[in-house]
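**Student:** Construct the complete structure from the given sequences, taking the supplied hints into account.
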Amino acid sequence: MIMKNKKWLFIVIAAVAILLVFTGYKNANKEIHQPKEEYFDLKNWAETEKDLLFMVEGYNFIEDEEIRNMEGLPDSTMFRVPMKVLCLKIQLKNNCQENIQVNLTKYILESDGWYNSIDQDFNHVLNPENYQLLFTLEPSEMKEMYLPYLLLESHFRKSEWEQIENREFWLTFKLYPEKKMGIFQSDTPLKAAGVFDSLHYC
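In this text, residue positions in the sequence shown follow the working numbering: the first is 4, and each later residue adds one.
Be aware that a few hints might be false.
To be verified - With a straight-line cut-off of 20 Å between C-alpha atoms, the simulated PhoX-like cross-links for lysine-lysine are: (1) Lys53 / Lys183; (2) Lys96 / Lys146; (3) Lys46 / Lys146; (4) Lys39 / Lys183; (5) Lys161 / Lys87; (6) Lys177 / Lys46; (7) Lys109 / Lys53.
Read the hints as simulated data drawn from the structure, not as lab findings.
**Tutor:** Shown next, in the form of structure tokens:
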């Protein structure tokens, strides 16, 4: 009889413990808020940070063969798998009367199940005189540069890679407490519009 009572006591204690853990988990989830999402249309000027205007003038995919023929890239960049670089031509503008510190290293390119930061090797090649990702914009100053993001075939399913240029991508500027994202893709082939005429590799 004593053993039976101990068994029931153990079951009651275990049930109470599980209930307390579950209640604490629910309360913790209430306290941890999901970040609010904010979207920008980067085909036009958008204030992605306080007083900093950002616009994507155009974008293009640099193909694997073009990448392997580029001068100035280190051997470590030449992966054995097929590659592409999504190259964004951007403009930045200081919209106030004080200096603004710009940090492009936190600008992440995302797609469903994938993300990457600006590739430093391609950045040096595509922006030979303008490759700094941390810099100051003076009042009303504008800056134009290319942001390269490397894509590897091994990071996608075969069917996804075959349609990679039709895939939806977006830029993420901030993750928390508000997630700020920018949409830049268009149905118009921007390369044909002459956006990249001044850049040999794009």
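**Student:** Would you mind marking each hint as holding or not holding in the structure?
**Tutor:** Each hint tested on the structure:
Distance restraint check for Lys53 and Lys183: the Cα-Cα separation of roughly 12 Å lies within the 20 Å cut-off, and the hinted pair is therefore satisfied. With a C-alpha separation of about 6 Å, the suggested pairing of Lys96 with Lys146 holds against the 20 Å cut-off. Restraint check: the Cα-Cα separation between Lys46 and Lys146 comes to about 16 Å, which is no more than 20 Å; the hinted pair holds. At roughly 8 Å between alpha-carbon atoms, Lys39 and Lys183 fall within 20 Å of each other, so this suggested pair holds.
With a C-alpha separation of about 14 Å, the suggested pairing of Lys161 with Lys87 holds against the 20 Å cut-off. Proximity of Lys177 to Lys46 is assessed by CA-CA distance (about 19 Å); at most 20 Å being required, the pair is judged to hold. For the proposed pair Lys109 and Lys53, the alpha carbon gap of about 15 Å is at most 20 Å, so the pair holds.
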